[in-house]
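Novice: Residue numbers (the numbering used here), protein chains in the order written: chain A, 291 to 755; chain B, 15 to 311.
No lab work stands behind these hints: they were computed from the structure.
Some hints could be false.
Unchecked claim - Here are some chain B residues pointing at chain A (derived, C-beta under 8 Å):
1) PRO119
2) SER153
3) GLY154
4) ASN156
5) THR303
6) THR304
7) ASP305
Said to hold, decoys possible - Covered stretches of chain B, going by a simulated chain A footprint (3 or more residues, C-beta under 8 Å):
8) 132-138
9) 157-167
10) 170-178
Said to hold, decoys possible - Just a few of them, taken from the derived set where beta-carbon distance is under 7 Å, the chain A residues facing chain B:
11) ARG590
12) ASN594
13) ALA599
14) ASP600
15) GLU625
16) LEU636
17) PRO638
18) LYS644
19) GLN646
20) ASN682
21) GLU717
Remember, it's a predicted structure, so these values are computed and weren't measured experimentally.
Heads up, the beta-carbon is just placed ideally off N, CA and C, and yes, glycines get one too.
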Amino acid sequence: MKPIGRVQRALRGALVAAATAAIATAQDPLDGLEGLGDLEGLDEPATQAADSGVGLRVTGIRGFLESRGRFFTRDRRRGDGRSDAQWVQELEVEFDLAITREISGYFRPRFLIDALDDDLIRTDPLEAYATWDNGVMDFRAGQFVENWGIADTFNPIDVLNRRDLGEDPVDPQRLGELGVRWRWRLPGGDTIAEPIVSVYAIPVLQQAQFPNAENRFSLATGNDRLREDLAGRPGGIDRWFFAVRTQNVLNTPIANADVQLLAARGPDRFPLFNAAPNALGGVDLTPTYFGIWTVGGGFRAVPNVDALADYTLKTEVVYKVPYRIDGSPAALPDEYLQYAFGFDRLFPNVFTDKDQITFTAEWVGETGANDSTSLYRPFDDDLVLRGFWEANDFDRTSVELRAIFDGGGEEWIAEGILQRQLRMIHEDLQFELGLRWFEIDRSEPGFFALFPNNSNVWVAIRLDF
Amino acid sequence: MNVLNHGALLAALLAASIGGALRAQDNKSGVPVPKLPEFDKSDAAVYGRQLADYADLYDTGWRDSYAVSNMTLFDSNGDSVQRRTVQLILEKPDGDKSIVRFLTPAEIKGVAALTHEHPDAVDDNWLYLPATKRVRRISGANKTASFQGTEFTYEDLSNRIVAKYDWRFLAEAEIDAAAGKVPVYSLEAKPRYTDTGYSRLVIHVHREYWRQERIEFYDKADRLLKVLDNSVWKHRHGRFWRPMKIAMKNEQAKKRTVIESSNQLLNLALYKNKRTGKPRPNLTDAQFTTDALTGRR
Chain A
291 MKPIGRVQRA LRGALVAAAT AAIATAQDPL DGLEGLGDLE GLDEPATQAA
341 DSGVGLRVTG IRGFLESRGR FFTRDRRRGD GRSDAQWVQE LEVEFDLAIT
391 REISGYFRPR FLIDALDDDL IRTDPLEAYA TWDNGVMDFR AGQFVENWGI
441 ADTFNPIDVL NRRDLGEDPV DPQRLGELGV RWRWRLPGGD TIAEPIVSVY
491 AIPVLQQAQF PNAENRFSLA TGNDRLREDL AGRPGGIDRW FFAVRTQNVL
541 NTPIANADVQ LLAARGPDRF PLFNAAPNAL GGVDLTPTYF GIWTVGGGFR
591 AVPNVDALAD YTLKTEVVYK VPYRIDGSPA ALPDEYLQYA FGFDRLFPNV
641 FTDKDQITFT AEWVGETGAN DSTSLYRPFD DDLVLRGFWE ANDFDRTSVE
691 LRAIFDGGGE EWIAEGILQR QLRMIHEDLQ FELGLRWFEI DRSEPGFFAL
741 FPNNSNVWVA IRLDF
Chain B
15 MNVLNHGALL AALLAASIGG ALRAQDNKSG VPVPKLPEFD KSDAAVYGRQ
65 LADYADLYDT GWRDSYAVSN MTLFDSNGDS VQRRTVQLIL EKPDGDKSIV
115 RFLTPAEIKG VAALTHEHPD AVDDNWLYLP ATKRVRRISG ANKTASFQGT
165 EFTYEDLSNR IVAKYDWRFL AEAEIDAAAG KVPVYSLEAK PRYTDTGYSR
215 LVIHVHREYW RQERIEFYDK ADRLLKVLDN SVWKHRHGRF WRPMKIAMKN
265 EQAKKRTVIE SSNQLLNLAL YKNKRTGKPR PNLTDAQFTT DALTGRR
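Extracted from the complex, chain A is given alone in its bound form:
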């Protein structure tokens, strides 16, 4: 068993046991108080845990059970072993735990299986951590996920977490990283408010989860093999990921903004692949991890000018500097700048007296790199357009349309998603119908040109609880 496996399982086991015990002994210390018997949702430790000692209890549970069928509509039956359909069953549960006044816990396991693909099974603790918080600073240890992104579709600043590329590589699940986080909440003023400084240290390099052989985004088909077992594992301090991040609210006469700055160093979450001929006549693709410095920042702002007050402006910019780990890889990617900037605008009461449309336009891409690996990063100079219509009716109907156009070529991707509650069956049962359409430019190297055309339609039923 790998060390990481032992740590994860031990932590998961401890939290499950603790949570089970807590359910049996949970008491609301405010029960019976006049007017105070039901302080739900109040983020104030005294209301949620005992004043002293350890009295672990579950303070919140939520999650979903989903069944999702996906049917690929183009390039079917190519005879390369790829499956033309998925039928994924997924259960995800979140447990909020109170341990003492200053220590809380969180546990989010995921269970996923594709009924049509025996190799796609996930039993992960996406997150399992404990947090000590004294109001001024907090310390978190365990496996955790953080979303640093500001833009809608492409988030170059979001470098902390790996992704599960195995089930839906286009919209992948974030995977938790096992490490620690220390944060300080500094005194703020009128102009710079809510400043927070965070330091991250992640000593374990967990590998990304790649599509397996039957997946239509698989790199290993036919005689080609994906050799994750041969992946280079950096040792010592090279495998550590460090990051310093600052956040604050900036209030100025021109605009009010949420600003963050970031500096990070450590193994990139997405490896290169070393290709070597194999005995089958194909190639063995071996993930090769390399290090990368990331420096950048971003903001999300609302102008204080009447003419622009309906817009939310957003920007992410990072500069990335790759470096070798243990002399690998031989061909190091070039340094490059990644960016995403654009705006959101809300249009209320478009078709009814309750509905609204959020329109998004973003320009995303990168510049500075000329090496071959840069051709396979998914965004170059691309325009993202998105419209999200919410009916705000009893069935919470919504339609999301998104399109990404390659600014320098013929490639584009479009996606449409309809969601609606099936209240006639159960108020928390949701129906989803989606379509994702690819037009791929195969005249030049590119990420999507590596695969068959993966246009697909999907249907999902989801029960939230």
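Guided by the hints, dock chain B onto chain A, whose structure is given.
Specialist: Just chain B now, kept in the frame of chain A:
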């Protein structure tokens, strides 16, 4: 702050015993009732503004608020759905801060919104979506949008800052309320800001308790659009009136939304923790940050 009916409607909600008595209790809040000024009744505009200012002053000093509420949405056919929220408000002289967090239905459980109000600028608004674990700043300028499909718009939920309206005294009248005839001052308030769905409001303020009994909202064509009725009043600490039930009816679409509280507190420090016997702490700025919005630090 300088607002009329601090009450961000949801905030004003509360817990309470159905049929709560209207009888005024002893003032245990530590906040004296402000002295009535000399009103200038010769000018309807001046008199209206003076009444609005006094009603606002009367409802100042409650410090913080906690409320758990059930929202029931009715369509024109009588079909209904329910949502449950918890709301925290921190009273601030330069703009209140509030958080609304959804408890049900399950699909939006944990969704939370944070607002920092600014009397002289666009409010700061953030939204937290548990599905993405992301706090996102959103524009605060679209106040005419429906709040989660209810008959309330974001404009309705904002504090009515006195200075943002032109006031006019209309009449001393009696209106039919749930508890019977109620003596009121009827005031007309015309928004001075541009992002509004209304041409004017008619606000009926109780002549003795200085609380808003009813508000009539007129659309841009000056047709009656909505009527809000506050009822089942609770007299918090013998000083501040809060409605246990708020009903907003759309007179044109024939839809309505009813908000009822199962629990509501004002000035948390005036409640003791039963187990420790100590006063509870008041809410602080630290509980109204983007970091706190997630409910999980």
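Novice: Compare the structure with each hint and give your call.
Specialist: Hints, verified against the model:
no. : hint    : in the structure
1   : PRO119  : holds (6 Å)
2   : SER153  : holds (5 Å)
3   : GLY154  : holds (7 Å)
4   : ASN156  : holds (5 Å)
5   : THR303  : holds (5 Å)
6   : THR304  : holds (6 Å)
7   : ASP305  : holds (6 Å)
8   : 132-138 : holds (count 3)
9   : 157-167 : holds (count 5)
10  : 170-178 : violated (count 0)
11  : ARG590  : holds (5 Å)
12  : ASN594  : holds (6 Å)
13  : ALA599  : holds (4 Å)
14  : ASP600  : holds (5 Å)
15  : GLU625  : violated (28 Å)
16  : LEU636  : holds (5 Å)
17  : PRO638  : holds (3 Å)
18  : LYS644  : holds (4 Å)
19  : GLN646  : holds (5 Å)
20  : ASN682  : holds (4 Å)
21  : GLU717  : holds (6 Å)
In summary, the structure is inconsistent with hints 10 and 15 from the numbered list given earlier, while agreeing with the others.
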